[in-house]
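Trainee: Residue strings, one per chain:
Protein chains: 4
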Amino acid sequence: MTAFDPGFSTAAMTRLFSAGARVSAMCNFEAALAGAQADAGLIPARAAAEIEDVCAAPVADAESLLAAGWVTGTPVAALLESLRADLSPEAGGAIHCGATTQDVVDSALMTQIRDGLDLLDAGIVKVAAALRFLAAEHRLTPMVGRTFLQHAEPTTFGLRAALWLEPLLRQLAGLRGRRASLPVQLGGPVGNRTALGEQAAVVTAGVAKRLGLVVPVVPWHTDRSHLLEVVTLVDRVAGSAGKIGADLVQLSQSEVGEIRTRSGKSSSMPGKRNPIDSIRAVAAAQACGAVARVVTAAPPHQLERGVGSWHAEWFAVPLVFQTAGAAVEAIGLAAGSIEVDEARMAANLGVAAEPAMLAAAGALVDRVLAATDAAGVK
Amino acid sequence: MTAFDPGFSTAAMTRLFSAGARVSAMCNFEAALAGAQADAGLIPARAAAEIEDVCAAPVADAESLLAAGWVTGTPVAALLESLRADLSPEAGGAIHCGATTQDVVDSALMTQIRDGLDLLDAGIVKVAAALRFLAAEHRLTPMVGRTFLQHAEPTTFGLRAALWLEPLLRQLAGLRGRRASLPVQLGGPVGNRTALGEQAAVVTAGVAKRLGLVVPVVPWHTDRSHLLEVVTLVDRVAGSAGKIGADLVQLSQSEVGEIRTRSGKSSSMPGKRNPIDSIRAVAAAQACGAVARVVTAAPPHQLERGVGSWHAEWFAVPLVFQTAGAAVEAIGLAAGSIEVDEARMAANLGVAAEPAMLAAAGALVDRVLAATDAAGVK
Amino acid sequence: MTAFDPGFSTAAMTRLFSAGARVSAMCNFEAALAGAQADAGLIPARAAAEIEDVCAAPVADAESLLAAGWVTGTPVAALLESLRADLSPEAGGAIHCGATTQDVVDSALMTQIRDGLDLLDAGIVKVAAALRFLAAEHRLTPMVGRTFLQHAEPTTFGLRAALWLEPLLRQLAGLRGRRASLPVQLGGPVGNRTALGEQAAVVTAGVAKRLGLVVPVVPWHTDRSHLLEVVTLVDRVAGSAGKIGADLVQLSQSEVGEIRTRSGKSSSMPGKRNPIDSIRAVAAAQACGAVARVVTAAPPHQLERGVGSWHAEWFAVPLVFQTAGAAVEAIGLAAGSIEVDEARMAANLGVAAEPAMLAAAGALVDRVLAATDAAGVK
Amino acid sequence: MTAFDPGFSTAAMTRLFSAGARVSAMCNFEAALAGAQADAGLIPARAAAEIEDVCAAPVADAESLLAAGWVTGTPVAALLESLRADLSPEAGGAIHCGATTQDVVDSALMTQIRDGLDLLDAGIVKVAAALRFLAAEHRLTPMVGRTFLQHAEPTTFGLRAALWLEPLLRQLAGLRGRRASLPVQLGGPVGNRTALGEQAAVVTAGVAKRLGLVVPVVPWHTDRSHLLEVVTLVDRVAGSAGKIGADLVQLSQSEVGEIRTRSGKSSSMPGKRNPIDSIRAVAAAQACGAVARVVTAAPPHQLERGVGSWHAEWFAVPLVFQTAGAAVEAIGLAAGSIEVDEARMAANLGVAAEPAMLAAAGALVDRVLAATDAAGVK
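Chains as they are written, first to last, in our numbering: chain A, 1 to 378; chain B, 1 to 378; chain C, 1 to 378; chain D, 1 to 378.
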């Protein structure tokens, strides 16, 4: 049961940000911490092994556990209580040593983000491949360029597609770079790693390695810029999908009719073709932009822990990824179904395109195709 | 399964904005339309009765039905297909006559909003009652007033509580006024009610009456100001909850210690008291403010139907109510559990409060208490 | 010298929110306070008269005075220093008694807002009159209705104009109601009016009357909902202008060509007609929506005085009015210059409009015309 | 005359984004274009020299010229008319060849952004130097860490300062990287560089070099991600300033009193110390965040030119830089004036700090000091 229209997520993103997946990511952190501490000789290897086993089992009622966190004060207190019920006293005493709730929550979120970036990456590649095909296929297909929706000068549909594609390629590169540098959080109660003692650096490195994250210069408990950068990037991807969607709606409007996409039907007018995927991309991008700002425009996180600004991330980050995932999925469906009406383009243009214009547009298309090849998109 | 932390909704709001409840609200519209059309003699009474029966039964898989809308183009097309499977040909032909998807979706949303406002009303009354008690009880309890968090001059805790309460009373009045004037949507495919013929006004009034909504001057398919006003008002309620929460966190901080609320515990420091309900109110208010802007800052809805801006409401409005509900619930728990430390207040103030100050503060408290009585809050 | 493009304000709004006008509004508050206190017997009439005289004279370098406030801590401290240089010791001791900076700044802002609402009112009336003319003139002029920019069913251009007009009428009513209930701020250092003694209510009423404001139930130093309601309303007006502008751009696009407005020219293509006023309305509405949120989405104002959230209003409120003024001015220019191409409308529609449709549309137009008459718009 | 409170800009930023400076930046583009075209043999060298001369002279009334753009349709049409009045027919025919308004406006904006980034860079370095001093000086000065404003565990003030500093260093690096890659805009009327013919690449490179910008893969007329990235980065800098300011307000509040900064005075309470610079940083950061969203949350720019979304940048980008400049200036003043009360810190902490804690905090401080040295901040 979701509490908003299902068009604003995808099946995979909903799963990734479900209560179960979130609690599981928290368990993975506790297991990684125990493993790293055992390696450093801080807790017995036996205890670590036990913790890893218990943390690998799915938690029974993740939703209730998270809800309980709002009574006890933190989702981790509730989780630890549940885990310790299955642990020996020794392992129960060894779990979560030197860590604080924020370490668990932030690191778990980063691992979910990593998986979310992978889902987006696959979706973007699909969109990019569709646009690449159109850019190459229609490299020299003339159409009229429109500024302020007024006819301006001739251009080609291939260049239009290439101009949709190029920012996506830069965003894909940004997303991959970011994926490779997601920081672990490990600072203890006030972010100074005191409780990890002299082994702080070693343990932090061990946890990061186990979780596939990197070690930041310092804990980032109230510096949210790492998170903000990811969220901004994801919002930008959604924005690109929205731009493509908005343009597709314009180009497929009744009076223009230069392209057609997979179309939905009306509840009252059987013959009407509504560009439903493009509309969904536009809507999801708007939603993404709004929830992104919960993070990007958050009031400052106070001193050593944000009062509310931190917690609001638990609402916003999952929704940023779900809405962005929806926007990318939708624009992939739209882009993959574009039918180009070259005759209509020619008729709307009204004049013959000059060879010089075609050459100029084609040259720009080639630059984007080269960049696409360089990004490994086929 | 929700796709974000459960602290950002309440059980009742989650239910109200579930897929099932939404589809059910859509069915109620179709039933009301059929009933009104039968009354106007536009469709047979028998068909209307059949439609009302079928629409009263719960839809099997509401979530899938809504998801299917993103393929077929509208959630209503999918719903009608499902309903018609259970209707006679006559009733199947009579359902949805003269209406369009937007009529169903917008009117259904308005009825959900009505119920959401009732939930908020009950929550606000609870908060207001708790604050009223504090205002009266501590009418003359001296404490220091703080501007820019610096000690300024003496005031009373009763006045602080009264100043939290007063805007809530105005918002409660606004919310009740708004609840009484939520408009039905009924315009047909392009908002001119053509398909309803000469009976347009009669049918519209009939549908409105059946749904507990009012008849607007004109259809509002691309004038979203009715919706925007509700959303703004609800966001304002959440904002008031957030302000109270933020102040409670300040007043309960270690160095100030003038109040205590129901407290959560830390995962690492057993003795620590975290003002978890206040924090939740702050966080939920931030979330509400962001999603509200999907509606209040939406790009204009184009001509006779919004491209994406309309659909984004299906994401945002449910979340606005859920987050606002969470903020109100949380601040109710906080306000209802406030313990006042008068000795600490006196110690922080450091000087004796002058009778004139107490009288001035008390006079303002009395104005708010009178307003509270006028609002019927006990 | 403005620090942003002049298209985002109007001459009158820029003047109204200039440093000089702001300081002058602050002086008016000090004069009103002195007058009211003299009436209540709290300060000598002679001192009040002197204060009123000095406050009526323009301040030499208002910009520097406001800038100095960021060194001394408040713009009022700098202002008082400047005023006292021209006052006798008696009057110098009597000015600002029992008030605090926030009383001056907030009340002054409310008087600027009152004048800003008057400017908007005049602008809206102009737009409404233009739309009323179009609604009446084209009550039965057929055109195609477009949903998702796809041809849907026939409607009339008069109804399109009426649907632009109707929300403006409601907003005009809201704006007038709001103008009549703008609250004075008078609470003293911590908002309990202690320093005004037993005469607090009398003095507050006197200041309010002199400034043309009303007396609120309680001071609103950290309850910004009064301000938020005005800002929201003004943003909504800008939004309506933006919606009209966006639709005019769509209807005047090359392929549609159903209307023409006063047009700018291109720097590179002499024959091109850019709908510059509509574009300006869209842009100014976007700008307004963003700055409005400085107020509507402000973090809570702490305890007895906002830390930053209050000061940010000094940036945002002037810009909200300037951008809204620009949007209204621009859409007035656009709406007043609309040329309707009925032949093109008929051609795009392609079919003959049925009499029943025309009658239905006309009936709705009539409802809006009646509402327009009721609002006194000619 | 600014139209908002002067605390939300700095003298240098106001100058940089004045009408005169903007028109001057546009002239620089026309000069660079003429120079590059002469080098490519597209226009006579004599004409280019004449254009360069005329473009170097200040424009008489820049404000009126920009305002005129909202009548004629584009600021560039008005500018060209003014320039051509001073040019020979030959040069008048050679200026602006192959370019369109957006080329001029966007490229000019990028050069203003470059200078704005330099101003921010200098401001950040000043803040960073002050924080570096504090981090080193108080590397081992114990204080209590506060989470949710509740006492948690001991930390050091040097680490608090280092944690404020570290994100600024990353932002400084980001800002320098971005400064080195600001793209020129040169695409002609529809962004395909047709009018520049076979020399398009050469001319684009020439213009970029003259303006100190880089050549993008393709024109970015409706892909605003380049701009969005700069704006986001600048907003992030303002956000860091706001976080520091908010923390300084907390630490200097009456009950905590661990630090003092340069303080303003109250208009009503002589002894009160208001942390005015920190407050200004918080307020300016809030303002920056809001105006940044005009760009980052803009509705998609349509096809080959944004309708309003583009123009709104002319409002927002100058304000983003002005407010960010204000935030950085303010926090520089605050950070440079911090007096640390070690005795109060010790008293608030209440317990002796353990050597292991000091060592852990010191080790993290050292990591930040090393990063600071690497960034060349002294």
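For the record, the hints were derived by calculation from the structure and aren't laboratory data. There's no promise every hint is true.
[To be verified] Facing chain C, from chain B, some residues (calculated, C-beta under 8 Å):
1. N28
2. L163
3. Q199
4. V202
5. A205
6. P300
7. H301
8. L349
9. A361
Cβ atoms here follow ideal geometry from the backbone N, Cα and C, with glycine treated the same way.
Trainee: Determine for every hint whether it applies to the structure shown.
Mentor: Now for the hints, and whether the structure bears them out:
1. A distance limit of 8 Å between C-beta atoms decides the matter here; for N28 of chain B the minimum to chain C is near 24 Å, and the interface restraint is violated.
2. Look at L163 of chain B: its Cβ gets to within about 6 Å of chain C, closer than 8 Å, so that hint holds up.
3. With a cut of 8 Å, the hint placing Q199 of chain B at the interface with chain C is violated, because the nearest CB-to-CB distance is about 11 Å.
4. For V202 of chain B, the interface hint is violated, since its Cβ never comes within 8 Å of a Cβ in chain C; the closest pair sits about 12 Å apart.
5. With its C-beta approaching chain C no nearer than about 13 Å, A205 of chain B sits outside the 8 Å limit, and its interface hint is violated.
6. Of the supplied interface hints, the one on P300 of chain B holds, with its beta-carbon coming within about 4 Å of a beta-carbon of chain C, less than 8 Å.
7. Of the supplied interface hints, the one on H301 of chain B holds, with its beta-carbon coming within about 7 Å of a beta-carbon of chain C, less than 8 Å.
8. Given hint, L349 of chain B at the interface with chain C, is violated; its Cβ is 12 Å from that chain's nearest Cβ, farther than 8 Å.
9. For the restraint placing A361 of chain B at the interface with chain C, the shortest Cβ-Cβ distance is roughly 4 Å, inside the 8 Å limit, so the hint holds.
Consistency note: the structure conflicts with the earlier hints numbered 1, 3, 4, 5 and 8.
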